[in-house]
Amino acid sequence: MDWTTLHPSLILLLGALLVIFTRGWLRSVVTLIAPALAFWQIVTLPEGMHLPWDRFADSIGTLEWLRVDSLSRLFGIVFTINAVGAFLFAFYVKKSQQHVAALVYVAGAIGCAFAGDLISLYVFWESMAVSSTFILLSRQTDLARAAAFRYVLIHLFGGLLFLAGLLITVAAPGGSIAFDGFDFSTQQNAGTWLILIGMLVNAAMPPFSAWLSESYPAATVTGGVILSAYTTKTAIYALVRGYAGWEPLVWIGCIMAIGGVIYAFLEHDMRRILAYSVINQLGFMICGVGLGTDLAINGAASHAFACIFYTSLLWMAAGAVLYRTKKSHVWELGGVASSMPLTAAMALVGAFAIMALPGFSGFTTKTMIIYEAHHGDRFWPWLLLEIASAGAVFHAGLKMPYLVFFRRNKALAPVKEAPPTMLAAMTLMAGLCLVIGCVPETLYSLLPTTVKYQAFTAEHVVLQLQLLVFAGMAFFLLLPVFKRARAHTVDFDILYRRAAQGFYAGMDRSLNGANAAVAAFVQGRLVKEVCHFFEAGASRLACYLMTPVWMMQGLSRDEMGEERARLFKRARRGAFPIGLTALFAAFFLALLSILVLIAGQATVHAGQGGGH
Amino acid sequence: MATPSEEISSHPEFRKGTSVAGSLRVAFRILVVSALILLALEFLLFLAHKRHGYFGFDGWFGSYAILGLGGCLALMFIARIVGAILVRSDEKNDPETIETWEVKDDPDQAEAAAP
Chain H
1 MDWTTLHPSL ILLLGALLVI FTRGWLRSVV TLIAPALAFW QIVTLPEGMH LPWDRFADSI
61 GTLEWLRVDS LSRLFGIVFT INAVGAFLFA FYVKKSQQHV AALVYVAGAI GCAFAGDLIS
121 LYVFWESMAV SSTFILLSRQ TDLARAAAFR YVLIHLFGGL LFLAGLLITV AAPGGSIAFD
181 GFDFSTQQNA GTWLILIGML VNAAMPPFSA WLSESYPAAT VTGGVILSAY TTKTAIYALV
241 RGYAGWEPLV WIGCIMAIGG VIYAFLEHDM RRILAYSVIN QLGFMICGVG LGTDLAINGA
301 ASHAFACIFY TSLLWMAAGA VLYRTKKSHV WELGGVASSM PLTAAMALVG AFAIMALPGF
361 SGFTTKTMII YEAHHGDRFW PWLLLEIASA GAVFHAGLKM PYLVFFRRNK ALAPVKEAPP
421 TMLAAMTLMA GLCLVIGCVP ETLYSLLPTT VKYQAFTAEH VVLQLQLLVF AGMAFFLLLP
481 VFKRARAHTV DFDILYRRAA QGFYAGMDRS LNGANAAVAA FVQGRLVKEV CHFFEAGASR
541 LACYLMTPVW MMQGLSRDEM GEERARLFKR ARRGAFPIGL TALFAAFFLA LLSILVLIAG
601 QATVHAGQGG GH
Chain C
1 MATPSEEISS HPEFRKGTSV AGSLRVAFRI LVVSALILLA LEFLLFLAHK RHGYFGFDGW
61 FGSYAILGLG GCLALMFIAR IVGAILVRSD EKNDPETIET WEVKDDPDQA EAAAP
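Those protein sequence lines, which keep their order, are chains H and C.
Quick note: the first sequence, position 168, residue 168 per the numbering used here, numbers continuous.
Quick note: the second sequence, position 110, residue 110 per the numbering used here, numbers continuous.
There may be inaccurate statements among the hints.
What the hints assert, rightly or not - Label pairs and their calculated CB-CB ranges: (1) C:44 <-> H:33: 20 to 28 angstroms; (2) C:49 <-> H:380: 24 to 32 angstroms; (3) C:49 <-> H:379: 34 to 42 angstroms; (4) C:55 <-> H:452: 20 to 28 angstroms.
Just so you know, these hints were derived from the structure itself, not from any lab.
Every residue, glycine too, gets a C-beta built ideally from N, C-alpha and C.
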């Protein structure tokens, strides 16, 4: 077997298998070694390699489950490095369910990054949806189960859109399963739009964004860290690969960037604030994809790369605080920095990176997208992204770190610093944020096309610092209006939750109403009438049959009435004289015999007719 | 009417200070000084013809300062309007939501021995 062409996802899947058969610290070591080996395999895979599955080659194309180019390698690298950090953070977790699900999840993300055709992409895409649901379920609370249920429903809905789009695209004349990118001017059709919407569901586009802010904070301490990196960034990879230059993405990105900030302002749970800041950052990337130029695509890809590290770092810091204090509400926290100074320092590195402070990773990647909007003469996208950038300073850069780490709160008892493995993972992520921020060429050299962008010019640095400092002043000016509250924000999920409740109520009323009406008719009337018929019908029939006989006997109307009443009473009781009963029996036997004879004759004729 | 600076000074958080980062007053003063220095640096960029604009507004002196401060104030204003409609209080009940705030039975923690 040629090990140089081994798919990196297989290494992770093998790791997931080993996790089941190992115990204790060995299990945790396996979870670290598997992504490290996958990273090594990704780095050493030869550029331009294609590994098609010829057995399924057809006129619509070839299944190509391993395609290596700079873009797929970029995402493969960041997925595996982040996995090493996340599993190091989760080193203390001893249960296998979450580890297995997480390894399969990361394998799915890497599979998507290296898929050369839409069918392979779809298979890995769905494997991510299923495995990430099990990560959520490993929290084992009612809240997590409910969140996981809604999470898997929305992702299966997105997957179905993707599948429908795939089938329409392939079935069209000249259709192909190749995943090389759709041209906005020539390839707009129902299929490509459905695939796009399917991808945007995973990228948390409104109105399908609520799954992110609901499910990630509902996961375990470590589950949130793992989940925060893969589903949305895989969607960004797919958009970069398939939908560069699709104009609507510019505006979708702007809406997400601004909407994420506004929601983050309103939240009081630190992990929900971070969830909305993820949506805010995704907005920048999607806008970059929509702009579609080489620099914008480089910006989107590099920002996804950098965002994975600082998002993970912030989720780790929040997770470490949650782990030690058991609290996630920012107004129940405060002053944690005195107990957990190293965690606070790491959180500040993440905060500086997300606010794009010069010297930290966000500055060398996010500004590339804004720069392209600026130089591409796109006023509104530029303005909205700058405002969203200032907003990120406010909520993720200052509000969350200040309220959690630095605000004085005597009610919170001192806690221990985060465990060493958690600190090591945070240090790894913080180091990467600094490396990308200070030596951006290390990241730029991995990007799909040559980067013609200088982040560290005097103008960029001064203007970016100006934006950040004045946004920081806005934070201090607005501090008096901050309100302590135990509240949550209604998201777009209210629409489909209400719609589902309405649908349920409609079905309940219509179907159960019909059921009740039928039950009332059958039980209340039909059965009663049938009982009455069988109870009195035969007696009444006998009365009708005897009426001509009585008329022939010349009985008067009153006499006929008396006879009818007498006969009816006798028939109800079944109290006929023996002779009359015998007469009835003989009559009905004769009638039965005649019917049998007629039926026999009809059968014989039918048989003869069939024979002819 | 109190100035913003006086309002901040009178805020309880200001008087208490913080345990690690020093007082908010100091932080705010550092920001004000930084802002002045950055505005001066931008002026130098103008003098050196290193400051460029593409739409008009973006080439004005202090435009990024306006974006940073005004953008945040505008977003906060919008957030408060949106919040009046979309924020739901959890003070009374809704145990499902409260569960998000306190990890009561995280299986990770149940298994882990505190290092």
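Okay, the hints, checked on the actual structure:
Between residue 44 of chain C and residue 33 of chain H the beta carbons are some 53 angstroms apart, a value that contradicts the proposed interval 20 to 28 angstroms. Take residue 49 of chain C and residue 380 of chain H: their Cβ atoms lie about 27 angstroms apart, and the range 24 to 32 angstroms holds. Range check, residue 49 of chain C to residue 379 of chain H: Cβ separation about 23 angstroms, and the 34 to 42 angstroms hint is violated. Between residue 55 of chain C and residue 452 of chain H the Cβ separation comes to about 22 angstroms, which falls inside the hinted range of 20 to 28 angstroms.
Consistency with the previously given hints fails for numbers 1, 3, ordered from lowest to highest.
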